[in-house]
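Taking the UniProt record's numbering, I'd label the letters of the sequence shown as residues 1 to 106.
Because the hints were derived from the structure by calculation, they are not lab data.
Mixed in with the good hints, there may be bad ones.
[What the hints assert, rightly or not] Now the in silico label distances, taken between C-beta atoms and shown as ranges:
1) 57 with 106: 38 to 46 Å
2) 21 with 86: 15 to 23 Å
3) 89 with 58: 50 to 58 Å
4) 72 with 95: 44 to 52 Å
5) 105 with 48: 15 to 23 Å
6) 66 with 13: 24 to 32 Å
7) 101 with 58: 20 to 28 Å
None of these values were measured; they are calculated from a predicted model.
The beta-carbon is built from N, C-alpha and C at its ideal position, and this holds for glycine as well.
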Amino acid sequence: MPDTDGRRKRGNAWTLGKSHERGDLILIRCGHCNIKRWYEPSDLIRLFGDVDIDLIDGHMLCEKCRNKEFVRAEARHLTARERVGIRVRRLAEIRVVRRVVWKDEE
1 MPDTDGRRKR
11 GNAWTLGKSH
21 ERGDLILIRC
31 GHCNIKRWYE
41 PSDLIRLFGD
51 VDIDLIDGHM
61 LCEKCRNKEF
71 VRAEARHLTA
81 RERVGIRVRR
91 LAEIRVVRRV
101 VWKDEE
């Protein structure tokens with residue numbers, strides 16, 4: 001396998017915008033606690049921008065085990081029958097938390 005020196009492959013990346021146009025849902029799965037959550041691509045675009053779906057993996061945190069390492073994202077185009085039993089999480093609001101950090105001078 002050729003060495004890419006840390007560069008990403010060129011070509012058509014599957015972005016959140018393309019998933020939104022196609023009508024996909026984004027499946028976020030934690031491999032550690034085996035939890036699955038479904039999201040609308042438009043909600044994730046508001047958080048991360050129109051990025052490649054593979055780049056979401058390192059930025060999502062599992063709410064159950066509080067771990068980033070095992071979280072994987074993939075786009076799925078579901079049929080109506082598959083979508084019947086799925087609960088899609090929708091973005092209600094974005095909160096910005098400001099924390100104060102103090103440093104002692106000597």
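Evaluated hints:
The hint said 38 to 46 Å for the Cβ distance between residue 57 and residue 106, and at roughly 42 Å that hint holds. Checked against the hint of 15 to 23 Å, the C-beta distance between residue 21 and residue 86 comes to roughly 20 Å, which is consistent with it. At about 19 Å, the CB distance of residue 89 to residue 58 disagrees with the hint of 50 to 58 Å. With their beta carbons about 25 Å apart, residue 72 and residue 95 fall outside the hinted range of 44 to 52 Å.
For the pair residue 105 and residue 48, the beta carbons lie near 38 Å from each other, so the given range of 15 to 23 Å is not met. Separation of residue 66 from residue 13 is about 29 Å and conforms to the stated range, judged on CB atoms against 24 to 32 Å. Judged by the Cβ atoms, the range 20 to 28 Å given for residue 101 and residue 58 holds: they are separated by roughly 24 Å.
Against the hints set out earlier in the document, violations occur for numbers 3, 4 and 5.
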